[in-house]
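**Student:** Here are the chains, one letter per residue:
Protein chains: 2
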Amino acid sequence: MTGSLVECVPNFSEGRDRRKVDAIASSVASVAGISVLDVTLDPDHNRSVITLAGSPDAVEEAAIRAVARAVESIDLNTQTGVHPRIGAADVVPFVPVRGISLQACAGLATITGEQIWRRLGVPVYLYEAAARRADRVNLENIRRGGFETLRDLAPTDPDRLPDFGDGKLHPTAGATAVGARKFLIAFNINLETPDVSIARNIAREIRTSSGGLPCVKAMGVRLESRNLAQVSMNLTDFERTPVHRVFAEVRDRAAAREVAIAGCEIIGLIPRKALVGSDEWLPTVEDFRTDLIIEDRLGL
Amino acid sequence: MTGSLVECVPNFSEGRDRRKVDAIASSVASVAGISVLDVTLDPDHNRSVITLAGSPDAVEEAAIRAVARAVESIDLNTQTGVHPRIGAADVVPFVPVRGISLQACAGLATITGEQIWRRLGVPVYLYEAAARRADRVNLENIRRGGFETLRDLAPTDPDRLPDFGDGKLHPTAGATAVGARKFLIAFNINLETPDVSIARNIAREIRTSSGGLPCVKAMGVRLESRNLAQVSMNLTDFERTPVHRVFAEVRDRAAAREVAIAGCEIIGLIPRKALVGSDEWLPTVEDFRTDLIIEDRLGL
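Chains as they are written, first to last, in our numbering: chain U, 1005 to 1304; chain F, 1005 to 1304.
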């Protein structure tokens, strides 16, 4: 177990033309030591997400190449979709996986962000853990109004001036938000009941926004095909609120309503250290794959 | 003109044993793309300074190797000298030269500092532009009391806890302060007078601390061997107060006292962009060498 491992999850404003997205992924894969873990296209939002990982230096270079390819191929003046966006490469978050802190990932985001401006001429806003201004910790403040509004305001409104670059957005590629955040775990628990109100109530009880567990976003949804209710969650800091803590909370609250757990789902990957204390929940993961663990996928 | 260029100026607590310092310099020079620009030993202070430059990634690796070698060879328990110090590798500043901002160098300092802790077990304090706490912008606050005091206080005093590492200092190598700062230009102007009081008065008038020019430290000294007075200066931000502005100020104030300029000295190197507006002062530099300019020294 040596070396630092960083994940990067850039989002691009192209979710329909697979060739364009594949070309971006190829430019990432061309960097030595980089693994492309996932490529997802969302045609409705006309948006795609590439998940890549490697050493800090390699991830920096891969992110710059990905943004460069997106700048060449995506024109925001003709791109449409319901998701708010400011750039061809819209957001580029750096995520610590192993042997590196959030703070160092913020440093990496700063270095990479500056190079995106210097090499590609795309203005950069630093967000979340990399933010230099309190009002940019929240990405939505940066993205408010999208490309068209930001293009009008950035040249004159000091609150909308980028961290790197002048106020003039790139004419076709806009601007890019570059940041650092903790590893996000998408964790769902399926309940042995078709009654979605139970999932909704449990979600409301446990989520941070209503005074529940720290760093948990949760909602109740109905899985039509399986006739089950699901508590669908994002864990934004698994070191603060571990998966097993969330699992126990949902299990107990379901049991109090005489509902059993049907199983769990991990969407995407998790770092190995998120498995601490997983004896109870891991065996219930449906469709368990050994390559669920990011280090295993990378052969580390 | 492509690529980012960073200078790093680590200080080590060994200024007497040239073999030890040369071994540290060799470990730096072993990194591809790194140039060692200067190695200076100060036997009185028992301290040495290595100046190196290269791309951000290369400088990061070189700095870590230099600290590693210092950790192996310097034992603070037996080292003595009049200079306050907390570590075998005492301070490691990263300095933007070209194509990179101070802010990105702070990011680089953060990444490097964390690796120094993780790979070498030496706790790290982040200072100046890389500081995470307001009271660590000033390096002297970190270094107060030196190794022996910090070793006692760091485990229990939250104000002395390192940014990376626990409160237990390395038993022989102490801790290291890692930071980012602007390029410092050591600039002296010799006056055609043996009267040091004139140099002292001009220094007092122009320095920041007495309300003079921003980012200028200055004092008047006497050059015994040449029977001249000198205004000896450090310019801590040549983009804010350029060399030509300082030169004109000293020249005019000397002229008002009917004293001419004998010549100028640049100690060490300067970045090419510091030559903007240098038509007047550059020709007066005594012992001018073309490799005075850092990019020329690097063959860039």
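A portion of the hints provided could be inaccurate.
Heads up, the list lumps identical chains together, so a pair's fine if it works in one copy or across two of them.
As the list claims (entries may be wrong) - In silico SDA-like pairs for lysine to any residue, Cα to Cα no more than 20 Å straight-line: (1) Lys-1221 / Ser-1077; (2) Lys-1024 / Thr-1197; (3) Lys-1186 / Leu-1143; (4) Lys-1277 / Arg-1122; (5) Lys-1186 / Thr-1084; (6) Lys-1277 / Arg-1204; (7) Lys-1186 / Thr-1197; (8) Lys-1221 / Asp-1021; (9) Lys-1172 / Asp-1199; (10) Lys-1186 / Asp-1283; (11) Lys-1277 / His-1087; (12) Lys-1277 / Arg-1023; (13) Lys-1186 / Arg-1136; (14) Lys-1172 / Gly-1150; (15) Lys-1277 / Thr-1176; (16) Lys-1172 / Asp-1079; (17) Lys-1024 / Asn-1081; (18) Lys-1277 / Arg-1255; (19) Lys-1024 / Ala-1190.
Source of the hints: derived by calculation from the structure; they are not laboratory data. Because the structure is a prediction, the values reported are computed rather than measured.
**Student:** So, for every hint listed, does it hold in this structure?
**Tutor:** Against the structure, the hints:
1. In this assembly of identical chains, Lys-1221 and Ser-1077 lie within 20 Å of each other by CA distance neither inside one copy nor across copies; the values are 35 Å within and 51 Å between.
2. Taking the shortest alpha-carbon separations for Lys-1024 and Thr-1197, neither the intra-copy value of 42 Å nor the inter-copy value of 72 Å comes in at or below 20 Å.
3. In this assembly of identical chains, the alpha carbons of Lys-1186 and Leu-1143 lie at most 20 Å apart only when taken from the same copy (14 Å versus 30 Å across copies).
4. Taking the closest pair of Cα atoms, Lys-1277 and Arg-1122 come within 20 Å of each other only across two copies (17 Å); inside a single copy the shortest separation is 36 Å, beyond that limit.
5. For the homomeric pair Lys-1186 and Thr-1084, neither the shortest alpha-carbon distance inside one copy (30 Å) nor that between copies (43 Å) is at most 20 Å.
6. For a Cα distance limit of 20 Å, the shortest separation of Lys-1277 from Arg-1204 qualifies neither inside one copy, at 29 Å, nor across copies, at 62 Å.
7. Within a single copy, Lys-1186 and Thr-1197 get their C-alpha atoms no closer than 33 Å, and across copies no closer than 63 Å, so neither meets the 20 Å cut-off.
8. Taking the shortest alpha-carbon separations for Lys-1221 and Asp-1021, neither the intra-copy value of 31 Å nor the inter-copy value of 59 Å comes in at or below 20 Å.
9. In this assembly of identical chains, the alpha carbons of Lys-1172 and Asp-1199 never lie at most 20 Å apart, being 52 Å within a copy and 55 Å across copies at closest.
10. Taking CA atoms no more than 20 Å apart as the test, Lys-1186 paired with Asp-1283 passes in neither setting, with 23 Å inside one copy and 52 Å between copies.
11. Within a single copy, Lys-1277 and His-1087 get their C-alpha atoms no closer than 33 Å, and across copies no closer than 43 Å, so neither meets the 20 Å cut-off.
12. For a Cα distance limit of 20 Å, the shortest separation of Lys-1277 from Arg-1023 qualifies neither inside one copy, at 35 Å, nor across copies, at 44 Å.
13. In this assembly of identical chains, the alpha carbons of Lys-1186 and Arg-1136 lie at most 20 Å apart whether taken from the same copy (17 Å) or from different copies (18 Å).
14. In this assembly of identical chains, the alpha carbons of Lys-1172 and Gly-1150 lie at most 20 Å apart only when taken from the same copy (14 Å versus 49 Å across copies).
15. In this assembly of identical chains, Lys-1277 and Thr-1176 lie within 20 Å of each other by CA distance neither inside one copy nor across copies; the values are 41 Å within and 32 Å between.
16. Taking CA atoms no more than 20 Å apart as the test, Lys-1172 paired with Asp-1079 passes inside one copy only; the shortest distance there is 16 Å, against 54 Å between copies.
17. Only within a single protomer do Lys-1024 and Asn-1081 lie at most 20 Å apart by alpha-carbon distance; the minimum there is 16 Å, versus 61 Å between protomers.
18. For the homomeric pair Lys-1277 and Arg-1255, neither the shortest alpha-carbon distance inside one copy (22 Å) nor that between copies (64 Å) is at most 20 Å.
19. Within a single copy, Lys-1024 and Ala-1190 get their C-alpha atoms no closer than 27 Å, and across copies no closer than 52 Å, so neither meets the 20 Å cut-off.
Hint compliance for this structure: hints 1, 2, 5, 6, 7, 8, 9, 10, 11, 12, 15, 18 and 19 are broken, all remaining hints hold.
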